[in-house]
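Asker: The lines below spell out each chain.
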Amino acid sequence: MRLTAWLASRLLRLLLVLLSVAAVSFGLMMLSPIDPVDAYLGPQMAQVSPEQRTLIAERWGFNAPASVQFHHWLQQLLSGELGWSHIYNQPVSDVINQRFQRSFFLLLSAWLLSLILGVVLGIAAGSKEGSLLDRLISGYAYITASTPTFWLAMLALLLFSVTLGWTPTCCAGPTGVLSQEVTLLTQLHHLLLPTLTLALLGVATITLHTRAKMAAFMRSDTALHAFAQGASRFDIAWRHGLRHASLPAVTLAFASLGELFGGSLLVEQVFAYPGLGQATVAAGLRSDVPLLLAIALFTALFVSVGNLIADGLYQWADPRIARDRTNE
Amino acid sequence: MLTIDRLTLQLPYYPRWWRREWTTCIESLSLHLPPGEVHAVVGASGAGKSLLAYAIMGLLPQAARVAGELRFQGEDLTPARQRQLRGHQLALIPQSLNALDPLARSQHQVRWAAQRAGFGRSAAHQRADELLSRYQLSHASTHYPHELSGGMARRVLIAMAQVSNARLVIADEPSVGLDPNQRDRVLAALKAIALEGKAVMLITHDLRHALTIADRVSVIRQGQALETAPAQAFQGQGEQLMSCYARDLWQALPDNAFSTHPFHPTHQEPALA
Numbered sequence: 001m002r003l004t005a006w007l008a009s010r011l012l013r014l015l016l017v018l019l020s021v022a023a024v025s026f027g028l029m030m031l032s033p034i035d036p037v038d039a040y041l042g043p044q045m046a047q048v049s050p051e052q053r054t055l056i057a058e059r060w061g062f063n064a065p066a067s068v069q070f071h072h073w074l075q076q077l078l079s080g081e082l083g084w085s086h087i088y089n090q091p092v093s094d095v096i097n098q099r100f101q102r103s104f105f106l107l108l109s110a111w112l113l114s115l116i117l118g119v120v121l122g123i124a125a126g127s128k129e130g131s132l133l134d135r136l137i138s139g140y141a142y143i144t145a146s147t148p149t150f151w152l153a154m155l156a157l158l159l160f161s162v163t164l165g166w167t168p169t170c171c172a173g174p175t176g177v178l179s180q181e182v183t184l185l186t187q188l189h190h191l192l193l194p195t196l197t198l199a200l201l202g203v204a205t206i207t208l209h210t211r212a213k214m215a216a217f218m219r220s221d222t223a224l225h226a227f228a229q230g231a232s233r234f235d236i237a238w239r240h241g242l243r244h245a246s247l248p249a250v251t252l253a254f255a256s257l258g259e260l261f262g263g264s265l266l267v268e269q270v271f272a273y274p275g276l277g278q279a280t281v282a283a284g285l286r287s288d289v290p291l292l293l294a295i296a297l298f299t300a301l302f303v304s305v306g307n308l309i310a311d312g313l314y315q316w317a318d319p320r321i322a323r324d325r326t327n328e
Numbered sequence: 001m002l003t004i005d006r007l008t009l010q011l012p013y014y015p016r017w018w019r020r021e022w023t024t025c026i027e028s029l030s031l032h033l034p035p036g037e038v039h040a041v042v043g044a045s046g047a048g049k050s051l052l053a054y055a056i057m058g059l060l061p062q063a064a065r066v067a068g069e070l071r072f073q074g075e076d077l078t079p080a081r082q083r084q085l086r087g088h089q090l091a092l093i094p095q096s097l098n099a100l101d102p103l104a105r106s107q108h109q110v111r112w113a114a115q116r117a118g119f120g121r122s123a124a125h126q127r128a129d130e131l132l133s134r135y136q137l138s139h140a141s142t143h144y145p146h147e148l149s150g151g152m153a154r155r156v157l158i159a160m161a162q163v164s165n166a167r168l169v170i171a172d173e174p175s176v177g178l179d180p181n182q183r184d185r186v187l188a189a190l191k192a193i194a195l196e197g198k199a200v201m202l203i204t205h206d207l208r209h210a211l212t213i214a215d216r217v218s219v220i221r222q223g224q225a226l227e228t229a230p231a232q233a234f235q236g237q238g239e240q241l242m243s244c245y246a247r248d249l250w251q252a253l254p255d256n257a258f259s260t261h262p263f264h265p266t267h268q269e270p271a272l273a
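Chains as they are written, first to last, in UniProt numbering: chain A, 1 to 328; chain B, 1 to 273.
Worth flagging that the hints you see were computed from the coordinates, not collected in a lab.
Watch out, some of these pointers could steer you wrong.
Said to hold, decoys possible - Okay, the calculated bits of chain A under chain B, using three or more residues with CB under 8 Å as the criterion:
no.: 1; region: 216–225
no.: 2; region: 240–253
no.: 3; region: 310–321
To be verified - Which residues of chain B face chain A? A partial, calculated answer using Cβ under 10 Å:
no.: 4; residue: M57
no.: 5; residue: L59
no.: 6; residue: A63
no.: 7; residue: A67
no.: 8; residue: A80
no.: 9; residue: R81
no.: 10; residue: R83
no.: 11; residue: L90
no.: 12; residue: P94
no.: 13; residue: A99
no.: 14; residue: L100
no.: 15; residue: G118
no.: 16; residue: L148
no.: 17; residue: M160
no.: 18; residue: D215
Using N, Cα and C, we set each Cβ at its ideal position, and we do this for glycine too.
Take the sequences, apply the hints, and build the full model.
Answerer: Written out as structure tokens, the structure is:
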């Protein structure tokens with residue numbers, strides 16, 4: 001009963017967030033210098049007379065006040081009609097659907113990899129503060145944390161694809177092959193480098209947070225008591241530390257879905273991987289307003305759901321929080 | 001069982017950035033704990049009682065400088081031997097209730113202690129259940145520390161120190177913050193441990209209640225053992241006590257004269273604490 005009430009309140013909040021994102025991004029679009037008629041016409045702009053342009057604008061309702069336009073757009077949105085993407089010449093929902101499927105594996109594998117690696121490295125470093133291992137891992141984490149994504153992606157591409165030739169240089173499959181004919185193995189081969197690049201950056205923050213939490217835990221009364229029971233450092237890290245340190249790691253991992261998505265934007269661009277990130281850049285550069293708005297909404301949904309999960313998990317992992325909630 | 005011979009402990013501090021100086025926390029302290037006895041170590045806060053416990057367990061910070069001798073069952077208690085005996089032969093009941101892992105259930109905490117003491121998985125499980133029921137905690141075995149009362153948490157800590165049949169149990173302020181009923185239960189549990197033939201070191205500032213179970217009492221002040229006297233010496237006006245401080249401590253108790261000695265104005269804190 002409490003769970004449903006909690007879930008209902010969170011979903012209501014989610015709806016409000018989405019509405020605000022819709023309003024803000026719509027407002028930004030209205031304020032942007034992009035002229036929707038020019039954007040629609042594209043290169044044919046020169047062939048259209050000013051009279052025809054006013055006709056188009058009138059037919060599309062651009063003369064109406066912004067609030068009416070927003071209302072109209074929102075109505076379309078609620079009926080599931082996201083509009084037509086002129087750069088891909090497809091309904092926006094189809095574009096997002098296809099692109100997200102490709103990006104999903106990239107995001108998921110990078111996310112899992114950075115979470116697992118980050119927690120393991122963070123615990124290893126934090127369990128003995130100041131040790132050689134700690135200094136090596138923190139040094140590595142500080143360096144990667146301060147590395148720009150696109151630069152790392154370009155370096156990786158230069159080294160592994162161009163110089164060593166181990167991985168393909170671009171795309172989700174070999175050029176000249178239909179996407180249906182690309183085998184799973186080839187797909188994974190194409191995913192390898194983008195995933196690793198994206199994961200490498202997520203690893204750093206998770207490692208540093210986990211390490212800090214772990215180091216603080218090793219100085220706590222609980223850890224001292226465990227030492228008094230004759231426990232080894234490894235035993236303490238495994239039995240107590242993992243649970244204590246995974247709390248911030250998991251929250252951080254879910255809360256940083258936005259950053260992950262932002263990173264994928266750059267990585268997909270550098271590796272020419274045809275995912276949602278690349279579509280976002282294309283939509284922005286080539287003024288595909290319906291696609292850009294839809295992606296903004298979709299991203300907001302994606303990140304909000306991530307935060308929702310983080311909240312839920314936190315309660316599951318820390319009994320003190322769960323108890324507080326039932327006392328309400 | 002345990003002999004401490006002229007133990008001196010110094011910890012570093014840094015008065016300015018690059019200067020290191022040493023503060024002496026325990027100075028030339030000697031004690032002897034025979035098996036089957038409760039030995040109370042009484043002193044004010046900051047007298048070095050807890051550090052004494054950590055020195056015996058080998059849990060001091062790395063920077064600590066230790067001199068003097070520790071002997072356990074006739075052999076030198078070296079750092080390597082301390083590591084080996086911790087949790088097996090030496091057990092500590094810590095002062096802070098934060099010593100319990102806030103994210104683990106009582107049964108798990110006790111079971112892990114048993115596994116660390118060398119029990120196998122299922123044997124440890126059994127041992128944990130056995131100890132929880134011995135300390136009337138069976139109903140709380142699935143509780144997390146924040147769901148336990150102070151007395152219950154204290155008993156979980158005692159149960160954890162009991163998993164291994166350790167020969168020496170050091171209890172650091174075990175009765176702090178407990179109501180009289182809970183306190184008596186905790187003290188009775190410690191007395192029972194001593195009656196099994198083990199040595200119990202009861203570290204406390206509460207002389208009055210320590211005397212109810214202690215066989216001998218050492219009074220510690222600023223890291224020095226002023227006097228070790230049998231518990232019976234604490235009676236009457238304290239005529240059998242040798243040091244002024246111990247006598248003042250005894251006199252200052254509410255049950256006695258409740259007096260503070262005019263020429264030892266600084267000695268009154270322990271009784272108030």
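Asker: Hint by hint, note whether the structure agrees.
Answerer: How the hints compare with the structure:
1. For a cut-off of 8 Å, the count of residues in the region 216–225 of chain A with a CB near a CB of chain B stands at 5, and the three-residue condition holds.
2. Here's how the region 240–253 of chain A fares: 3 of its residues keep a CB closer than 8 Å to some CB of chain B, so the rule of at least three is met and the hint holds.
3. Interface restraint, the region 310–321 of chain A with chain B: holds (4 residues with C-beta to C-beta distance below 8 Å; minimum three).
4. Nearest Cβ of chain A to the Cβ of B/M57: about 6 Å, under the 10 Å cut. The hint holds.
5. Taking 10 Å as the C-beta cut-off, the interface hint given for B/L59 holds, the closest approach to chain A being about 6 Å.
6. Using the Cβ-Cβ criterion of 10 Å, the hint placing B/A63 at the interface with chain A is not satisfied: the shortest such distance is roughly 12 Å.
7. The interface hint given for B/A67 is violated, since its Cβ lies 23 Å from the closest Cβ of chain A, which is over the 10 Å cut-off.
8. The criterion of a C-beta within 10 Å of any C-beta in chain A is not met by B/A80, whose closest approach is roughly 13 Å, and the hint is violated.
9. Hint status for B/R81: violated, given a least beta-carbon distance of 12 Å to chain A, over 10 Å.
10. Because the beta carbon of B/R83 sits about 8 Å from the nearest beta carbon in chain A, less than 10 Å, this interface hint is met.
11. Of the supplied interface hints, the one on B/L90 holds, with its beta-carbon coming within about 8 Å of a beta-carbon of chain A, less than 10 Å.
12. Among the interface hints, the one on B/P94 holds; its C-beta lies about 5 Å from the nearest C-beta in chain A, closer than the 10 Å criterion.
13. Hint status for B/A99: holds, given a least beta-carbon distance of 4 Å to chain A, under 10 Å.
14. Interface hint at B/L100: satisfied, since its Cβ lies 7 Å from the closest Cβ of chain A, which is below the 10 Å cut-off.
15. Evaluation of the B/G118 hint against chain A yields a held restraint, the C-beta minimum of about 9 Å falling below 10 Å.
16. The criterion of a C-beta within 10 Å of any C-beta in chain A is not met by B/L148, whose closest approach is roughly 12 Å, and the hint is violated.
17. With a least beta-carbon distance of about 7 Å to chain A, the hint placing B/M160 at the interface is held under the 10 Å criterion.
18. The beta carbon of B/D215 is not positioned within 10 Å of any beta carbon in chain A (closest approach about 24 Å), and the interface hint is therefore violated.
The structure does not agree with the numbered hints 6, 7, 8, 9, 16, 18 stated previously, though it agrees with the rest.
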